[in-house]
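A.B. asks: So the sequence lines, in the order shown, correspond to chains A and B. Per the working numbering, the first sequence starts with residue 1, numbered consecutively. Per the working numbering, the second sequence starts with residue 1001, numbered consecutively.
If you're looking for bench data, these hints aren't it; they were derived computationally from the structure. We put the CB at the ideal spot given by N, CA and C, even for glycine. Hints are supplied without guarantee of correctness; some may be wrong.
Stated by the list, open to error - Taking beta-carbon pairs under 10 Å as the criterion, some of the chain A residues facing chain B (in silico):
#: 1; residue: 64
#: 2; residue: 67
#: 3; residue: 80
#: 4; residue: 87
#: 5; residue: 95
#: 6; residue: 119
#: 7; residue: 122
#: 8; residue: 129
#: 9; residue: 141
#: 10; residue: 154
#: 11; residue: 168
#: 12; residue: 169
#: 13; residue: 176
#: 14; residue: 180
#: 15; residue: 183
Claimed, not checked - Cβ pair distances, simulated, as ranges:
#: 16; chain 1: A; residue 1: 66; chain 2: B; residue 2: 1083; range: 34 to 42 Å
#: 17; chain 1: B; residue 1: 1172; chain 2: A; residue 2: 145; range: 41 to 49 Å
#: 18; chain 1: A; residue 1: 2; chain 2: B; residue 2: 1065; range: 22 to 30 Å
#: 19; chain 1: B; residue 1: 1076; chain 2: A; residue 2: 80; range: 23 to 31 Å
#: 20; chain 1: A; residue 1: 164; chain 2: B; residue 2: 1119; range: 38 to 46 Å
#: 21; chain 1: B; residue 1: 1108; chain 2: A; residue 2: 68; range: 43 to 51 Å
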Amino acid sequence: MTLPVTGTAALALALVFGFAFGFLLHRGRVADYNTIVRQFLFEDFTVLKIMMTAIVVGGVGVFLMAQFGWVKFHIKPADLLAVSLGAALFGVGMVLYGYCPGTALAAIGGGSLHALVGAGGMLVGGILYALVFDWVKAVILPVGAMGRVQLHTLLGVSPWAIFAVLAAVAVALFVTIERMAAKRA
Amino acid sequence: MTLQATYDGARPAAGAAARIDWTPYAIGVGIGVLSWIVFLVVNNPLGITTALSQVSGAVATPLLGAEAVAKNSYWARNLPALDYGTLFLVGTLFGGLGSALLAGTFRIEQVPEVWAGRFGPSPMKRYAVAFLGGIVAMVGARLANGCTSGNGISGGLQLALSGWVFLAVMFATGTATAFAMFRTAR
Chain A
1 MTLPVTGTAA LALALVFGFA FGFLLHRGRV ADYNTIVRQF LFEDFTVLKI
51 MMTAIVVGGV GVFLMAQFGW VKFHIKPADL LAVSLGAALF GVGMVLYGYC
101 PGTALAAIGG GSLHALVGAG GMLVGGILYA LVFDWVKAVI LPVGAMGRVQ
151 LHTLLGVSPW AIFAVLAAVA VALFVTIERM AAKRA
Chain B
1001 MTLQATYDGA RPAAGAAARI DWTPYAIGVG IGVLSWIVFL VVNNPLGITT
1051 ALSQVSGAVA TPLLGAEAVA KNSYWARNLP ALDYGTLFLV GTLFGGLGSA
1101 LLAGTFRIEQ VPEVWAGRFG PSPMKRYAVA FLGGIVAMVG ARLANGCTSG
1151 NGISGGLQLA LSGWVFLAVM FATGTATAFA MFRTAR
């Protein structure tokens, strides 16, 4: 088998990988409005635990494979104004909706009707964005456009140094969170 | 009233609800390992909203006409199609269904506990805000060129500047929104 897989086989794999992703999100309780909103209220840290663990574990593996030449990076352009404005809107929308797009799909599978209604909103949002894209492209995307940059090249350090720091921060955070939870219980 | 009183973590579904208690760390490792596999096997990071915008193009086709969609400078880069990205969305939905059925927690949910504790049991109220939130989240995700998956997890793990800016800003505005919505009455 030659990698990467393309064509019809890749389409079948899309269903398998998507299924695994949705299964993990649901089983991790993040396909649940309550878990997501309570993260933003600092009452439940499930979202933070999952994301930080996924980033450190996923990142170490992907950087190792990249060093062996097995995988390529897919870095999105750091158009700083667009990313900041978009993320600001996204944070507001995510709390109003109670899901992010991936967890929303898993939640629909789990039976959430309001996730389904909100997915209709996401499709409307997609249409609205496409209709104003030419303006966004001309006016917003060029502001603070730094290109497809990664933190370690920007800071001039080894990526492993960054992962060491991230892992240390994650472990310290997790220990603190678990201690607080144990005290409350 | 505290949220703790209305929501104790696991879903109050009958029977096997306890099976939905995999630790978040195990889930995080699972998603990290899934990222390795997806990078290696299909040369693609995990992501949701790029494909979702293709679906919005498909929805817009009967409204605006196929030609207008194909000519639109945004959809032209990602024409509506049953391709890897959109099938991944289908898989994600069925993954949630599969997990819910296996754990015995599948249930039709109209109004979640935390929402009901603050805004009452009206489904229409929840639907209206969910719909509005969906619009705002999607416009934001497209403007940022990715959501929690594509920018947050995939961008974050590749140490992409865009991913970390996204994570910091969205946690800040999400926290402000949540406190404004849920902490005012307490």
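A.B. asks: Work down the list of hints and note, for each, if the structure agrees.
C.D. replies: Taking the hints in turn, this is what the structure says about them:
1. 64: Interface hint status for residue 64 (chain A): holds (9 Å vs cutoff 10 Å).
2. 67: 13 Å, violated
3. 80: Result: holds, 7 Å to nearest chain B Cβ.
4. 87: 4 Å, holds
5. 95: It holds, given that the least Cβ distance between residue 95 (chain A) and chain B is near 4 Å, below 10 Å.
6. 119: 6 Å, holds
7. 122: Interface hint status for residue 122 (chain A): holds (4 Å vs cutoff 10 Å).
8. 129: Holds: closest Cβ of chain B sits about 4 Å from residue 129 (chain A), inside 10 Å.
9. 141: 9 Å, holds
10. 154: The hint holds - residue 154 (chain A) has a Cβ within 10 Å of chain B, the shortest such distance being about 6 Å.
11. 168: Residue 168 (chain A) check fails; min Cβ-Cβ to chain B is 16 Å, beyond 10 Å.
12. 169: 13 Å, violated
13. 176: Violated, about 15 Å.
14. 180: Cβ of residue 180 (chain A) sits 14 Å from chain B, so the hint is violated.
15. 183: Residue 183 (chain A) check fails; min Cβ-Cβ to chain B is 14 Å, beyond 10 Å.
16. A:66 to B:1083: 34 to 42 Å: 25 Å, violated
17. B:1172 to A:145: 41 to 49 Å: Given a distance of about 22 Å, which is not inside 41 to 49 Å, the answer is violated.
18. A:2 to B:1065: 22 to 30 Å: Violated: the Cβ-Cβ distance is about 41 Å, outside 22 to 30 Å.
19. B:1076 to A:80: 23 to 31 Å: 25 Å, holds
20. A:164 to B:1119: 38 to 46 Å: 44 Å, holds
21. B:1108 to A:68: 43 to 51 Å: 47 Å, holds
Checked against the numbered hints above, the structure violates hints 2, 11, 12, 13, 14, 15, 16, 17, 18; every other hint is satisfied.
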